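Asker: Residues per chain are reported as follows:
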Amino acid sequence: MNWWQRMLRRNKMEEQLEKEIRFHLEQHSNELIAGGLSPAEARRRARMALGGPEQMKEECRDARGTRWLEDFWQDFRYAMRMLRQRPGFAAVALLTLALGTSATTVMFTLVNGVLLKPLPFPEPDRLVAIHGQSVEWNAELFGEQNVAYLDFLDCTRFNHSLSFAAALFNGATISQPGEPEYIDLSETSPGLFSVLRVPLLLGRDFLPEEDKQGAAPVAILGFSFWRRHFAGRSDALNSTMVLDVKRYTIVGIAPQGFRLFGQEADVYTPLGQDTARFLQNREMHPVRVVARIQAGNTLGEAQAELALIGRHLAETYKDTNARRTLVAEPLRPEVGDVRSTLWLLLGAVGLVLLIACANVASLLLARAVSRERELAMRVALGATRGRLVRQCLAESIVLGLSGGILGVLLANFGVRPLVSLWPGDLPRAEDVQLDWRVLLFALTVSVLSGLLFGIAPALRAPFKDVERTLRAGARSIAGGSKRLHSAFVISEITLAIVLLVSAGMLGRTLLRLASLDPGVDIHNVLVARTALSPATLADPAKTRAAWKDVLARARRLPGVLSVATVDTFPMREGDNEQAYWTSADLPPGDKLPFALMTNTSPDYLDVMRIPLRRGRFFDEHDDLGNTPVIVIDEVLAQNAFGKEDPIGKRLWIPDMGYASNVFEIVGVVGHVRHWGLAGDDQAKIRAQIYYPFSQLPDSFIHRWSELMSIAVRTEIPPLNLIAPLRSELKGAAGDQVLYNVHTMEQLASDSLSRQRFLLLLFGVFAGLALVLACTGIYGVLAYLTGQRVPEIGIRMALGAKPNSVIWLVLRQSLGMIFVGVALGTAAALAAGRVLQQLVQGMQPIEISTFAMTIPVLVLAALFASFVPARRASRVDPVIALRQD
Amino acid sequence: MNPKSDLPQGTLDLLILKVVALGPVHGYAIAQRLEQVSKHVVQVPQGSLYPALHRLENRGLLASDWKDTETGREAKFYRLTGKGRAQLETEAASWERLTEAVALILKLSEGGAE
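Chains A and B supply the protein sequences, listed in that same order.
Every position in the first sequence, counted from 1, becomes a number in the numbering used here once 28 is added.
Every position in the second sequence, counted from 1, becomes a number in the numbering used here once 862 is added.
It cannot be assumed that every hint is accurate.
[Claimed, not checked] With a Cα cut of at most 25 Å, we get these calculated DSS-like pairs of lysine-lysine: (1) B/K929 to A/K85; (2) A/K619 to A/K570; (3) A/K576 to A/K758; (4) B/K929 to A/K47; (5) B/K945 to B/K880; (6) B/K929 to B/K945; (7) A/K40 to B/K929; (8) B/K880 to A/K40; (9) A/K619 to A/K712; (10) A/K274 to A/K758; (11) B/K938 to A/K85; (12) B/K929 to B/K969; (13) A/K240 to A/K274; (14) A/K758 to A/K570; (15) A/K85 to A/K145; (16) A/K677 to A/K619; (17) A/K47 to B/K938; (18) A/K671 to A/K274.
[What the hints assert, rightly or not] Partial list, derived from the structure: chain A residues whose beta carbon lies under 10 Å from chain B: (19) F51; (20) H52; (21) N58; (22) E59; (23) P81; (24) M84; (25) E86; (26) D90; (27) A91; (28) R572.
[As the list claims (entries may be wrong)] Derived coverage of chain B by chain A (criterion: at least 3 residues anywhere in the stretch with Cβ under 8 Å from a Cβ of chain A; other residues may be distant): (29) 878-890; (30) 910-918; (31) 934-943.
Source of the hints: derived by calculation from the structure; they are not laboratory data.
Since this is a predicted model, take the numbers as computed values, not measurements.
Every residue gets a Cβ at the ideal spot worked out from N, C-alpha and C, and that includes glycine.
Generate coordinates for the entire structure from the input sequences, incorporating the hints supplied.
Answerer: So, in structure tokens, the structure goes:
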């Protein structure tokens with residue numbers, strides 16, 4: 029029989045035990061009667077021989093091995109009964125715990141979905157990402173790099189322990205069918221879907237023979253794009269569409285939610301069909317590579333083989349690959365700085381949960397003290413200490429679990445709002461769901477918190493001095509619990525201060541950052557990526573004309589003040605970094621300073637209202653026939669020339685790729701916070717160089733045009749201009765489209781969104797902590813004061829004034845508040861360090877932050893203690909003395 | 863002096879197993895058999911007999927059935943399981959080794975240890 033079978037047959041087994049004992053007694057007494065004893069005497073002797081039947085039955089039950097379960101069940105029912113008897117206490121405790129666990133569970137659901145869940149591919153632990161790594165001086169700056177296409181092809185040829193797939197993220201304009209639209213294109217090698225082991229929803233993957241230049245153009249649609257642009261019709265399969273003036277046959281449709289490297293592409297096309305020259309250049313590393321470790325191979329073997337290929341390539345192609353290696357690392361979800369944000373928030377919410385636990389613990393402790401006599405009675409009747417501790421713990425675990433269940437129910441409603449509140453797009457948002465991991469977490473958290481807040485009261489179960497406790501009666505003044513109670517209050521205050529100060533730090537940071545000058549006038553500026561009509565891109569002259577036409581058309585619109593083209597504008601991801609020097613005598617690579625390169629048309633300064641400090645900005649004379657010119661910002665001017673006048677001086681930009689890489693400085697402009705309000709001051713590269721679109725060599729025009737945006741200064745609200753701008757710029761073929769349309773105000777505000785979001789949540793947590801801590805203080809003081817009522821009665825009978833009674837109580841809480849504040853300040857300093865490391869733009873903690881936040885807590889805590897103090901001062905001495 | 867001696871720790875289980883090995887038997891009979899066979903030297907505390915039986919049954923060394931006695935009363939009869947028989951053999955063997963060793967030591971003549 030299993031223990032649970034025995035448990036289920038408990039009643040039957042009890043019956044049988046009874047029967048067995050009865051049989052024994054009857055047999056024995058029958059024999060004694062046969063020996064000549066009277067029936068009554070025989071029964072007495074038989075019973076004597078056997079010993080106390082109840083005690084023996086107990087021992088038999090122990091022998092059965094279901095004892096712990098029966099006890100547990102008994103404890104559980106007892107706990108439920110105790111909670112039902114005090115619905116007020118139960119409700120407060122449950123609510124506190126539910127709040128704590130639900131907030132923690134919500135945060136953990138996000139952590140789980142975004143950080144912990146494996147990637148949604150079969151056997152995700154056998155997938156690796158392949159990086160090219162430069163062993164050169166700039167390795168740190170550029171970090172892990174993608175892979176050259178030719179290197180990728182060599183990998184697939186030489187390597188046996190991995191199966192590879194490559195993707196190149198790109199863009200294209202779809203002009204047929206439907207409305208022209210600029211789409212996210214992923215050019216992939218054949219076998220991407222089979223490497224990831226993701227079956228296509230419809231159709232097939234690319235064939236190896238389709239992965240060649242000149243092969244028939246084929247495409248696979250991303251699920252969302254298929255739904256959006258083709259209304260999810262299955263006859264989209266085998267139909268055609270026009271992408272960048274090429275007609276593609278649609279051969280497949282990707283399954284829902286398919287993402288690679290965190291991106292869901294609109295359309296997939298064969299990478300091998302791309303004729304771009306940079307794909308044939310081993311110095312360019314545009315391709316992202318993923319691979320699956322073949323069955324029978326280990327990660328270590330794959331890495332070793334890959335390193336070997338890297339070395340082989342380095343020897344074969346000395347010019348391009350000499351200082352490069354290839355590495356394979358387990359493929360991980362790409363989540364960026366969301367990781368630290370999430371852990372930070374989980375930590376903060378954990379503090380709230382701890383405060384909640386301290387609160388419930390002090391409530392339980394107060395009850396444990398008032399139940400001391402009951403417990404002492406049980407000890408006197410033979411209960412063991414372990415048994416009593418278990419019983420107390422059962423009660424707190426029942427509380428913890430019920431709080432946890434309530435918490436999970438609440439969390440269920442909290443997850444979606446939090447995800448939608450997340451600044452920008454939360455990566456892997458679709459993976460954020462309540463699952464077994466979350467439930468397990470919530471269960472663990474509630475049981476652990478049950479143990480945490482239950483252990484102190486349980487260990488107080490009286491064991492020594494049973495007799496004294498029993499005699500002392502209700503009048504016992506629980507001296508020992510006072511210290512524990514103070515400990516709870518102190519830890520609540522400490523934790524609340526950590527959260528309050530953190531919120532204060534974030535608030536100050538946000539205020540400071542928001543007041544920073546971005547360097548441009550962000551009001552009334554619209555920026556939009558512009559995809560020229562694909563037909564014009566083949567011919568540089570046509571492309572130049574097309575851009576002129578775009579600027580002219582946009583300028584004609586009513587409400588437009590000025591327009592410029594620009595490749596990278598502030599507060600957006602994406603930049604072009606180039607090393608520069610002030611003479612032809614270049615130092616070694618690691619000594620070269622870097623600057624951010626921005627390619628613009630002449631009106632950019634007007635559009636962004638960047639102040640011109642010296643010289644001039646570009647004009648129509650800066651064309652291909654004249655000396656290449658640049659304009660630098662004041663940071664570069666200061667770094668490179670100090671107090672000298674940079675106008676007329678020259679800069680060498682070795683990797684520019686122009687016929688001559690020498691540029692003349694014609695102007696100096698104000699610094700622009702390119703990296704956003706929060707990030708710019710700490711950015712590695714801050715110096716800026718502007719160079720004119722009109723001097724861009726023909727070979728650059730195509731690639732640059734793919735990245736170009738237009739920036740428009742308006743005199744009307746910029747959002748009102750989007751629709752007219754779109755229709756005006758459609759072009760003759762109607763396939764010229766705007767995408768990624770933003771106002772500069774939005775971008776500036778988005779650059780602080782992480783800080784704002786953290787402030788919001790820390791503010792909420794700090795508020796919760798404050799409320800919980802205050803209710804905790806109130807509860808403890810009310811209880812402690814209640815215990816002192818007879819004493820206060822005596823004092824008042826002897827002539828104490830109400831004010832001195834109030835002071836008596838307040839003094840007690842002031843002591844706790846003082847210690848809490850001291851500990852909290854120390855803890856907050858440590859927490860401040862963590863924040864400073866994890867959040868961009870955080871300043872070191874300031875005294876004034878403490879000065880602003882701590883009084884809030886002290887006042888609230890004093891208010892919470894004032895209520896019981898005042899009540900104590902109104903004690904009627906006669907009633908107080910008669911109590912008990 | 864009480865002529866009856868208390869059972870050494872752990873031997874009750876061994877004795878019960880041995881008695882039950884002779885054939886299915888109910889609890890009262892076990893108690894009686896133990897007293898008779900040991901010529902009343904061994905005092906079996908009846909109060910600890912049943913907990914021991916239940917413990918052995920729980921460990922799978924004994925099994926039980928409800929059967930009628932010769933007098934037609936229904937009683938719980940214990941019998942040895944395969945596992946119980948194996949346990950009895952090992953325990954009996956180790957008991958014999960122990961008693962032999964103890965006897966040898968007791969037979970040492972005084973001063974003979976030198």
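Asker: Holds or violated: B/K938 with A/K85, Cα cutoff 25 Å?
Answerer: holds, 16 Å
Asker: Are B/K929 and B/K969 close enough, with their CA atoms no more than 25 Å apart?
Answerer: violated, 48 Å
Asker: Holds or violated: are the alpha carbons of B/K880 and A/K40 at most 25 Å from each other?
Answerer: violated, 29 Å
Asker: Please verify whether A/K85 and A/K145 have alpha carbons no more than 25 Å apart.
Answerer: Violated - the C-alpha atoms of A/K145 and A/K85 are around 52 Å apart, more than 25 Å.
Asker: Can the hint on A/R572 be confirmed by a CB-to-CB distance to chain B that is less than 10 Å?
Answerer: violated, 92 Å
Asker: Could you check if A/E59 really has its C-beta closer than 10 Å to a C-beta on chain B?
Answerer: Interface hint status for A/E59: holds (8 Å vs cutoff 10 Å).
Asker: Is A/K274 within 25 Å of A/K758, Cα to Cα?
Answerer: Roughly 19 Å between the alpha carbons, so the hint for A/K274 and A/K758 holds.
Asker: Could you grab the alpha-carbon distance between B/K945 and B/K880 and see if it respects the 25 Å cut-off?
Answerer: Holds - the C-alpha atoms of B/K880 and B/K945 are around 13 Å apart, at most 25 Å.
Asker: Does A/A91 hold up as a contact with chain B if the rule is Cβ-Cβ below 10 Å?
Answerer: Status holds, d = 4 Å.
Asker: Would the pair A/K671 and A/K274 pass a check requiring their Cα atoms to be no farther apart than 25 Å?
Answerer: violated, 55 Å
Asker: How about A/P81: closest beta carbon in chain B under 10 Å, or not?
Answerer: Cβ of A/P81 sits 9 Å from chain B, so the hint holds.
Asker: Can you confirm whether the C-alpha distance between A/K758 and A/K570 stays at or below 25 Å?
Answerer: Holds, at roughly 16 Å.
Hint check: violations occur at hints 2, 8, 12, 15, 18, 28; the rest are consistent with the structure.
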